[in-house]
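First to last, the protein sequences are chains Y and P.
At the far end of the first sequence sits residue 419, using the working numbering, and the numbering has no gaps.
At the far end of the second sequence sits residue 106, using the working numbering, and the numbering has no gaps.
Treat each hint with caution, since some may be false.
Heads up, simulated DSS-like pairs for lysine-lysine below, C-alpha to C-alpha not over 30 Å straight-line [unchecked claim]: (1) Y:K351 x Y:K406; (2) Y:K310 x Y:K351; (3) P:K16 x Y:K406; (4) P:K12 x Y:K310; (5) P:K12 x P:K35; (6) Y:K377 x P:K34; (7) P:K30 x Y:K351; (8) P:K30 x Y:K310; (9) Y:K377 x P:K13; (10) Y:K377 x Y:K310; (11) P:K34 x Y:K310; (12) Y:K377 x P:K16; (13) P:K34 x P:K16; (14) P:K12 x P:K30; (15) Y:K310 x Y:K406; (16) P:K16 x Y:K351; (17) P:K12 x Y:K377; (18) P:K34 x P:K12; (19) P:K30 x P:K16.
If we take Cβ atoms under 8 Å as the criterion, some of the chain P residues that face chain Y in the derived model are [as the list claims (entries may be wrong)]: (20) S32; (21) L39; (22) M40; (23) A81; (24) Y95.
Okay, the calculated bits of chain P under chain Y, using three or more residues with CB under 8 Å as the criterion [to be verified]: (25) 8 to 19; (26) 96 to 102.
The hints are simulated quantities; they were obtained by calculation from the structure and are not laboratory data.
Even for Gly, the Cβ is constructed at its ideal location relative to N, Cα and C.
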Amino acid sequence: KQEVTQIPAALSVPEGENLVLNCSFTDSAIYNLQWFRQDPGKGLTSLLLIQSSQREQTSGRLNASLDKSSGRSTLYIAASQPGDSATYLCAVTNDYKLSFGAGTTVTVRA
Amino acid sequence: ETGVTQTPRHLVMGMTNKKSLKCEQHLGHNAMYWYKQSAKKPLELMFVYSLEERVENNSVPSRFSPECPNSSHLFLHLHTLQPEDSALYLCASSQASGYGYTFGSGTRLTVV
């Protein structure tokens, strides 16, 4: 059974600081890995999707890396802003199923 | 409308009530999912429908009953729920291969 772990569980930084969020998974036979953002009480917004054959994806201030062999992914958010405050979820796909981590809750202080 | 739409957004029901959650997708996807998100726990996959057939039921109690009448619509019928069933219920869709997962905004369910 795939298990996904996210560290840290919570993070508080001043505005402008770079964020580093970590994700690890136990079964490296994944189809892809996604990072999602969730605002309180809301659904999930997909941020980045990395196919299993890729090493990284970038979108604006966001960069996600994938090391499938070691079962790790890292999400970098450059120059954080208060609007980046949310819970960030890592999820891996085996077959058609998404397995989620518990998330990292980020607070960016103005 | 585009994306994945869930209704209602909020639902309060008694333990003896019967209610249904609705999900609709306009993305041309052929797989749909129900997830449960409880406080402080990872999202839990409940049901998967691929090409309108149920392909997974993750040991979900029978008081939850899914229905997928076509590839664009998914329902979750609820009856005699317990207070511990209070949670955010999220619907998602994707291609049958699992590519392109898109989530709805969820239904916040409170069982009293």
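Hint by hint, here is what the structure shows:
1. For the given pair, K351 of chain Y sits about 21 Å from K406 of chain Y by alpha-carbon distance, which is consistent with the 30 Å threshold.
2. At roughly 27 Å between alpha-carbon atoms, K310 of chain Y and K351 of chain Y fall within 30 Å of each other, so this suggested pair holds.
3. Taken as a hint, the K16 of chain P and K406 of chain Y pair is honoured in the structure, with Cα atoms around 21 Å apart against an allowance of 30 Å.
4. Of the pairs offered as hints, the one joining K12 of chain P and K310 of chain Y is violated, with about 34 Å between alpha carbons and a cut-off of 30 Å exceeded.
5. Between K12 of chain P and K35 of chain P the alpha-carbon distance is near 26 Å, which keeps this suggested pair within the 30 Å criterion.
6. A C-alpha spacing of about 27 Å is found between K377 of chain Y and K34 of chain P, which places the hinted pair at or below 30 Å, so the restraint holds.
7. Of the supplied pair hints, the one linking K30 of chain P and K351 of chain Y holds, its CA atoms being roughly 13 Å apart against a limit of 30 Å.
8. The hinted pair formed by K30 of chain P and K310 of chain Y meets the criterion: a straight-line CA distance of about 18 Å does not exceed 30 Å.
9. Of the supplied pair hints, the one linking K377 of chain Y and K13 of chain P is violated, its CA atoms being roughly 43 Å apart against a limit of 30 Å.
10. Our distance criterion of 30 Å between C-alpha atoms is met by K377 of chain Y and K310 of chain Y, whose separation comes to about 16 Å.
11. Between the alpha carbons of K34 of chain P and K310 of chain Y the distance comes to roughly 20 Å, so the proposed pair stays at or under 30 Å and holds.
12. This hinted pair does not check out: K377 of chain Y and K16 of chain P have alpha carbons roughly 36 Å apart, beyond 30 Å.
13. Distance check on the hinted pair: K34 of chain P and K16 of chain P sit about 25 Å apart at the alpha-carbon level, within 30 Å; holds.
14. Among the hinted pairs, K12 of chain P with K30 of chain P is consistent with the structure: their alpha-carbon atoms are about 18 Å apart, no more than 30 Å.
15. Under the criterion of a C-alpha separation no larger than 30 Å, the hint pairing K310 of chain Y with K406 of chain Y is consistent with the structure, at around 11 Å.
16. Note on K16 of chain P and K351 of chain Y: the hinted pairing holds, with a Cα-Cα distance of about 16 Å set against a maximum of 30 Å.
17. For the hint pairing K12 of chain P with K377 of chain Y, the CA-to-CA distance comes to about 45 Å; that exceeds 30 Å, so the pair is violated.
18. For the hint pairing K34 of chain P with K12 of chain P, the CA-to-CA distance comes to about 27 Å; that is within 30 Å, so the pair holds.
19. Straight-line distance between C-alpha atoms of K30 of chain P and K16 of chain P comes to about 14 Å, which keeps the hinted pair within the 30 Å bound.
20. A cut of 8 Å between beta carbons decides the hint on S32 of chain P: the least distance to chain Y is about 11 Å, and the hint is violated.
21. Nearest Cβ of chain Y to the Cβ of L39 of chain P: about 6 Å, under the 8 Å cut. The hint holds.
22. The restraint placing M40 of chain P at the interface with chain Y is violated, with a minimum CB-CB distance near 12 Å, outside the 8 Å limit.
23. Interface restraint check for A81 of chain P: the shortest CB-CB distance to chain Y comes to about 12 Å, outside 8 Å, so the restraint is violated.
24. For Y95 of chain P, the interface hint holds, the least distance from its beta-carbon to any beta-carbon of chain Y being 6 Å, beneath 8 Å.
25. Beta-carbon proximity to chain Y at under 8 Å applies to 0 residues in the segment 8 to 19 of chain P; the threshold of 3 is not reached and the given coverage is violated.
26. As drawn, the segment 96 to 102 of chain P meets chain Y at 6 residues by the rule of a beta-carbon pair under 8 Å; at three or more, the given contact holds.
Violated hints for the displayed structure, listed by number in ascending order: 4, 9, 12, 17, 20, 22, 23 and 25.
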